[in-house]
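Engineer: Sequence:
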Amino acid sequence: MKLCEKKSYPWILVIFYSLLGVTFPAAVTQFSMVVSDISDTMGLSRQQVLYADTTRAILLVAAMFLSSFIYQKLGLKKTMMLGMFFQISSQFLTPLAVNLGSFPLLLVFKGMQGLNAMAFPLYISSITLWMPDKYRGLATAIFNGSFVAGGGIGAWISGILVPSFGWQMSFYIIGGMCLLFAIPVCIITKDKAFEPDAHTATEKRSNIYSNIVHNPITWLLVLALIANTWVSQAITVDMSIYAQDIGYGYQYSGTLMLIISIVTVVSSILAGAVSDHFAPHSTDSVKTRSRIMGLGYFLATFAALLLPFVADNGFMVIATVSGAMMFGVSWSAGVFWALPSMVYAEKDNVAGTAFCSGASNVPNPVAPAVVGVLLGTNGHWTAGWITCAVVSCISLAASLLIHSPQSGD
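Take 1115 as the starting number for the sequence shown in this note's numbering and just add one per residue.
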């Protein structure tokens, strides 16, 4: 019996995609942890160094929008492998750009890491297409939780390695981890899980995207995920910088990000399980999942408003409040990724997931630039974290409006 024919295959995908998911975002916080070191080595300001991460985030958004087009050209496995190449090679080339003192190369090598995002919608769509309906929330939540949690792993590893072995070693260790888990993913992923049927193969792409773009629920889904993008990116990229700015050292900052990563996993998986439990018993399972999603944004709003006023009152305080903020958005994301497969026809699942991913990630380069670069490094961290509360309110409102297309509400 082929691996993909076994009942356990969907869960095998979840496990290995999640292990890979832990390592890729680790590169984001690992970079944030060594911004000051790179700044000193290259003789640049921290703002200039952070432009490299902004470049990564811009290319990430573009890659998500292009995901379904690349997939239709290359297929599932080759698209994933291309994304992995950009991710892993960047991790080994970025230190070279720093040592050469080349700012343009830093932008290119760190920026190309964002192109890995072309594979993200495919991981999600692959899981939802193989997984039985009753487990989709939990399965996508496990993947999403581990993916976001990787940010904490990167900061934690950097907090240990940098003081003893230098900033370069943190790049190589994270890069090695990415390569280690990329290999089994390439082996177990099967193209035929995503092969379009005859109708999809002959339908014009423009018509597929036209249906998606003109569907009002699409834009509610996008708005419902925007806060996850904004808050997650602000925390992942800027929280370690913020912690160091208010007096916490490398190890405290790394530990803080590790705590946040653990909270992320727990919250995301718990939300997926809760939504899987209640949704089947509802007359409108999409609406039920969306309301459960909204609970997370309510918590995130409150925590974001509180954070700048209490963060300097001790490590446990900043860990608790920032953890609550991340718990909220991770809870919401843990519910969200089961929704596209419930809203769109199977033939439109990849395109719909890719569009929602790309559109909701437009704030990806904006959030850390606003919270960290524009506001934080200029002494306005309070205003930066308040933006997280405002965006969370927007996503909360969208969550309350989402319902099944067949419900007629």
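The set of hints was computed from the structure by calculation and includes no laboratory data.
Small disclaimer: the values here were computed from a predicted structure and weren't measured.
Possibly wrong hints are sitting among the right ones.
[Claimed, not checked] Pairwise CB distance ranges, derived in the manner of DEER restraints:
1. Leu-1294 - Phe-1423: 19 to 29 Å
2. Trp-1125 - Val-1424: 32 to 42 Å
3. Leu-1180 - Val-1504: 21 to 31 Å
In this text, a Cβ means the ideal position worked out from N, Cα and C, and glycines have one as well.
Engineer: A separate judgement is required for each hint: does it hold in the structure or not?
Structural biologist: Do the hints match the structure? See the list:
1. Leu-1294 - Phe-1423: 19 to 29 Å: violated, 42 Å
2. Trp-1125 - Val-1424: 32 to 42 Å: With a Cβ separation near 41 Å, Trp-1125 and Val-1424 satisfy 32 to 42 Å, so the hint holds.
3. Leu-1180 - Val-1504: 21 to 31 Å: holds, 30 Å
Of the numbered hints listed earlier, the single one contradicted by the structure is hint 1.
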